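Asks: Sequence:
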Amino acid sequence: MSNKKDYLVDKLIKKIQVLLTEPEFEELNNIILSEALKNKQRPRSVSAFVRELVQKEIKRFENTNDSETK
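Numbering-wise (my numbering), the sequence shown opens with residue 10 and increments by one.
No wet-lab data here; the hints were simulated from the structure.
Don't take every hint at face value.
[As the list claims (entries may be wrong)] In silico BS3-like pairs for lysine-lysine, Cα to Cα no more than 27 Å straight-line:
(1) Lys65 / Lys49
(2) Lys20 / Lys65
(3) Lys23 / Lys65
Because the structure is a prediction, the values reported are computed rather than measured.
Put together the whole structure using the sequences plus the hints.
Replies: The structure is reproduced here in structure tokens:
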């Protein structure tokens, strides 16, 4: 049963790999921790943070394309 569930999740979610230098990764973690402290929340995972960045960029790109076609 879990194989079927894993298959369904895999069909819905695609994984990407991001290669960062050690200084870039440390800076990313600093940004995540600073944001969490500022908002008095638990830090998000690197994966969640990068996912949100990608989603924002996709929306920005779509909005830019929409305004250019009008």
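Asks: Taking the hints in turn, state whether each one holds.
Replies: Taking the hints in turn, this is what the structure says about them:
no.: 1; hint: Lys65 / Lys49; in the structure: holds (22 Å)
no.: 2; hint: Lys20 / Lys65; in the structure: holds (22 Å)
no.: 3; hint: Lys23 / Lys65; in the structure: holds (17 Å)
Of the numbered hints listed earlier, not one is contradicted by the structure.
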